[in-house]
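Engineer: What follows is the residue order along each chain.
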Amino acid sequence: METTEQKSLYTHSLTVGGIFGAAYTIVNLLILYIAVGTGSTGLGMIAVYCLGICGISLAAGYFATWTYISDIMMPIETGQGALIGFLAGIALAVVSFVFQLVLNSVGLDSQELTSEFMMAFLSDLGLSGQELQDVEDQMQSSGSGVFSLLISMVVLGLLNCITGLIAASIHSKKYKQTDAL
Amino acid sequence: MIPKLQTENLAVKNPARWFTDRIWLLVFGISATMFLMGLLPAWVAGEDSGFYTLSVMFFEPVCHQFSNRCYYIGELAMPVCSRCFGIYSGLFLMTVLIPFLRLFRLPGFNFALFLLVASVFLNIIDNAGNFFNWWSNTLTSRYLLGLPIGLSAVYVIFSEYIPGRKTKS
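Chains as they are written, first to last, in the numbering used here: chain F, 1 to 181; chain D, 1 to 169.
These aren't lab readings, by the way, just hints derived from the structure by calculation.
One or more of the hints may lead you astray.
[Claimed, not checked] Okay, derived cross-link-like pairs now, SDA-like style, lysine to any residue, Cα gap no bigger than 25 Å in a straight line:
1) F:K173 x D:E160
2) F:K173 x D:R105
3) F:K173 x D:L36
4) F:K176 x D:F109
5) F:K173 x F:Q80
6) F:K174 x F:G79
[Claimed, not checked] Away from chain D, derived, C-beta distances all over 10 Å, residues of chain F:
7) D71
8) L101
9) V106
10) E112
11) E116
Since this is a predicted model, take the numbers as computed values, not measurements.
Beta carbons: idealized from backbone N, C-alpha and C, even for Gly.
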């Protein structure tokens, strides 16, 4: 029978992962729309893209663990932080995938925008027509669908494991010190 | 048989005890996977190989993968940018080193956290500099800025077991 703590652990990780998954999709689309729409496809937008997408995708595990520790007000084992982070990463991947499907159905295709963004950026750098075609072919061959979702779940789960471990190390300290007193 | 994670495993001086610890094995597995998936496909596989395509899909959710911001091995771009590869290199390197660093007296948690926060901020500033066209960075500078993030992240995770804290020999 699951304890309240275990239920709270799954709830936190899946909820925070879901929220970050939605944010990941929306921010991704927004940045791409702004970049392609305004013609700002230079290094600056890559910096924004990098921070936005990396930041959101890796923060899910950290925030899920942090909110869980704050909720139970007790230190947790480092391994629990890894589990929370892993679950949050998986939830992020799944929710992001579902969101993209929904947005695709209303005509907001992030893959097409990403392709357009990359082509514009590489064209500004002076790549030849053949080189641009090679890049476009590579992007199209990278695939989508369920297999892509499975890969996302693995990589986001693994990386959020690390951020969950970091959050467990940082935020459990406060409650360990309290316990020691 | 892998023993259950116990604090004592990581608090001992013998590095060999670390290699049987579940948390260390987990971090090692993740960091090795990320590092090798970034390095190997461009090195051993051809552009048309399934392994290379898989590696591109692997890093797609977390990296922009623009080829001019990735290291090239031969004529093939790595599937991950130089900054991200620096982070994964740091993760892997520190995970391998930390059982041996444990033998030395090193600064503990506060220093580790400071390093992590400082290295993240440095990367934000570097990105901001690019955005406002104050400077343009290079592959190597991005790699070197990513490296301390990975190093300090693992250091934070295991800092509790660095000398200066509760230890058992």
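Engineer: So, for every hint listed, does it hold in this structure?
Structural biologist: Checked hints:
1. Of the supplied pair hints, the one linking K173 (chain F) and E160 (chain D) holds, its CA atoms being roughly 9 Å apart against a limit of 25 Å.
2. The suggested pairing of K173 (chain F) with R105 (chain D) holds, with an alpha-carbon distance near 21 Å, which does not exceed 25 Å.
3. As the CA atoms of K173 (chain F) and L36 (chain D) are separated by approximately 33 Å, the hinted pair breaks the 25 Å bound.
4. For the hint pairing K176 (chain F) with F109 (chain D), the CA-to-CA distance comes to about 14 Å; that is within 25 Å, so the pair holds.
5. Restraint check: the Cα-Cα separation between K173 (chain F) and Q80 (chain F) comes to about 14 Å, which is no more than 25 Å; the hinted pair holds.
6. Our distance criterion of 25 Å between C-alpha atoms is met by K174 (chain F) and G79 (chain F), whose separation comes to about 17 Å.
7. At roughly 22 Å from the closest C-beta of chain D, the C-beta of D71 (chain F) stays outside 10 Å, upholding its exclusion from the interface.
8. For L101 (chain F), the non-interface assignment is confirmed: its Cβ lies about 15 Å from the closest Cβ of chain D, beyond the 10 Å cut-off.
9. Once the 10 Å rule is applied to beta carbons, V106 (chain F) is consistent with being away from chain D; the minimum gap is 22 Å.
10. Look at E112 (chain F): its CB is around 15 Å from the nearest CB on chain D, clear of 10 Å, so calling it non-interface holds up.
11. Chain D leaves E116 (chain F) outside its interface by the beta-carbon criterion, the shortest separation being 14 Å against a cut-off of 10 Å.
In this structure, only the earlier hint numbered 3 is contradicted, and the remaining ones agree with it.
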